[in-house]
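J.: Sequence:
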Amino acid sequence: MAERSPPGPGNPVHWFPEFWELGRRRLRPQARLMALSLLVGVGAGLGAIAFFSACQVVFHYALEVGVGYHPISPGGEPPMLGEATTTFRPWLFLIVPVIGGILSGFLVYTLAPEAEGHGTDSAISAYHHQSGVIRPRVPLVKIVASALTLGTGGSGGREGPIAQIGAGIGSFLGGVLRLRPAERRVLMAAGMGAGVAAIFRAPLAGALFASEVLYRSPDFEPEVIIPAALASTTAYCTFGMVFGWKTLFDLPEAINKALTFDNPLQLGPYLVLALFMVVLALLYTRSFYGITHLFHRLPILPHFKPALGAFLSGALALGLYFALRENETDERVFAVLSFGYGSLQNALTALPQGHSLRFALVLLVIALGKIATTGLTIGSGGSGGVFGPSMVIGGCGGGALGIALHHIAPALAPHPASFVVVGMAGFFAAAAKTPFSTLVMVSELTGNYNLLLPTLWVCSLSFLLSDEQSIYHSQVESRSRSPAHQGTYLREVLTGLTVSAYVTPLPDGAVLRAGDRLNDVIERLSESPFQVAPVLDAEGRYLGVISQEEVVLAARTPHLLPLLVALDLMRSDVTPLRPEHRLDEAMELFVESDLLALPVLDGSAEGRLLGMVRRSDLASTYLRQLAGPAPPDTGSAK
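Using the working numbering, the letters of the sequence shown map in sequence onto residues 1 to 638.
Hints in this document: simulated from the structure, not taken from any laboratory.
Fair warning: there could be bad hints in the mix.
Said to hold, decoys possible - DEER-style ranges, computed between Cβ atoms:
hint, residue 1, residue 2, range
1, Trp-245, Asp-573, 42 to 48 Å
2, Ser-604, Thr-110, 21 to 27 Å
3, Ser-53, Arg-481, 26 to 32 Å
4, Lys-246, Val-591, 44 to 50 Å
5, Pro-264, Thr-86, 47 to 53 Å
6, Pro-113, Arg-582, 54 to 60 Å
7, Gly-240, Leu-324, 33 to 39 Å
Positions of the beta carbon are idealized from the N, C-alpha and C atoms, including for glycine.
Please build the complete structure, drawing on both the sequences and the hints.
T.: In structure tokens, the structure reads:
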């Protein structure tokens, strides 16, 4: 007789069933969110394609054809429409950006004012304070407004617009499918990371960025990372199928091999670089919000402010051009306008061949000028991102320092171009408080992973030594300070308490029937202490609730008043409470329904009404639990 396999986890017969059960338990609750994350990634990738194409078209006709400006393109971004042969007319930088500012300003402030400025900050604010809700029109307005701003010479980057576009796609999908606020926030953040992953060809950095950029401290958003990783993957693939798979900055193999770290003593010069990036980041963040404050105080319509900021940016760039040009074809300093990525490509490829101090001066002027023009463009209400300018500021500033150190002693900076790469990461780590996603992003942008150790060193020091001011004003200090996570801490405080202790029975006169006329509804609600009345059918089964808001809206259509009954006004999407519900679960249902009171049903199949629970009663309990037991009365002082 054959022996039966012994039971237990070591038996191979049980491996597959156990594996299947484990996978089912882990994936089933998250399967919908993971599938939606893939869909959000495709949407963000398509949004990135549309946005990138719009920027390229506007840039070609406004600056290449109109002005005759032909900057060096990043190696991974060859011109879409070919080279224009128009004569360079720099004085048009006083006109073309202004036209873009006027068009962008009227578009944004007429249709979607929240699309102004750098979109990442708006997406962060929506995550913390608006339950992940972004109006559907915002991504569409952002695409056009940002293309007009950046394509006509406004100083900014693509990260902010595409982050808000991707976040808007995630928010829209969450709203259409009526997801819970927590799920909608995750989809919104995943869309934000997916947009960044696509436009910068940096999928890993996009996933990390979405979870790290929400806070000023080293806190991450753990529930965002996996959905953002899936969304970033599909967004990157969607974008890559149209525009290819090359990194943004294309470095020749010889330069890639030269940019290495092989001497621990070089950490000393990189420490100097970190300190320099902290100073530049301090100047950037303070000046940015200082200029923004000044523009907010200007007594003119906001529609015209982006045009004023664009004019001042163009005038500054023109002044720097006449002060620093070596000849009439020297356009390098105009990197302070528009994207400016060509200045980084030039620095990365030119520095190994030459390290002139004049080149260092040009790079430093571009870095400082970019600080000013970005503040003028975005701070005035123009639409653009702040990560792209940060790369230019950090890379050019780092390159200038690398050249200076090389001239002092070549051993301090054997390859000044390495200071360009590390400077990009260190600067944004200090300005945006995102040391790890920035480290990965710069490596993916350049395709160079040989400098990971000095980049980690500089990013960590820049983050630690920087002040509390971030370029993203909507970041909160930590997860415990975020309104999005107050439910988590509420759960810890309210553990063990259930709804059953807070139920207030209702008299028959406080309950509505499905066929009650509007006048009866108004009378019952006016007498109710809850501002909410449950609706029952003829057999006494629960159907829904009516709040004062529905009655007020109905009263605005007088011709329908004689026809309306309680069933027409009732909300059937409100989830009722059960006596066994914990108070933290009840508070989440209050947030979802946005009501001041909720009905409580028994556990029977008919769903009989037991009474109502006030939101204020649960909030008072929460405050009492936070305060702890009252101290004993020791008597009055004598």
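J.: Is the gap between the beta carbons of Pro-264 and Thr-86 within 47 to 53 Å?
T.: Check passed, 51 Å falls within 47 to 53 Å.
J.: Do the beta carbons of Trp-245 and Asp-573 sit within 42 to 48 Å of each other?
T.: 45 Å, holds
J.: For the hint 21 to 27 Å, verify it against the beta carbon of Ser-604 and that of Thr-110.
T.: For Ser-604 and Thr-110 the Cβ distance comes to about 54 Å; the hint is violated.
J.: Check the following: the C-beta atoms of Lys-246 and Val-591 are separated by a distance inside 44 to 50 Å.
T.: Distance hint for Lys-246, Val-591 holds at roughly 46 Å.
J.: Honestly, do Ser-53 and Arg-481 meet the 26 to 32 Å range at C-beta?
T.: 39 Å, violated
J.: Tell me if the beta carbons of Gly-240 and Leu-324 are separated by a distance inside 33 to 39 Å.
T.: 38 Å, holds
J.: Note whether the CB distance of Pro-113 and Arg-582 lies within 54 to 60 Å or breaks it.
T.: For Arg-582 against Pro-113, whose Cβ atoms are near 40 Å apart, the range 54 to 60 Å is violated.
The structure does not agree with the numbered hints 2, 3 and 6 stated previously, though it agrees with the rest.
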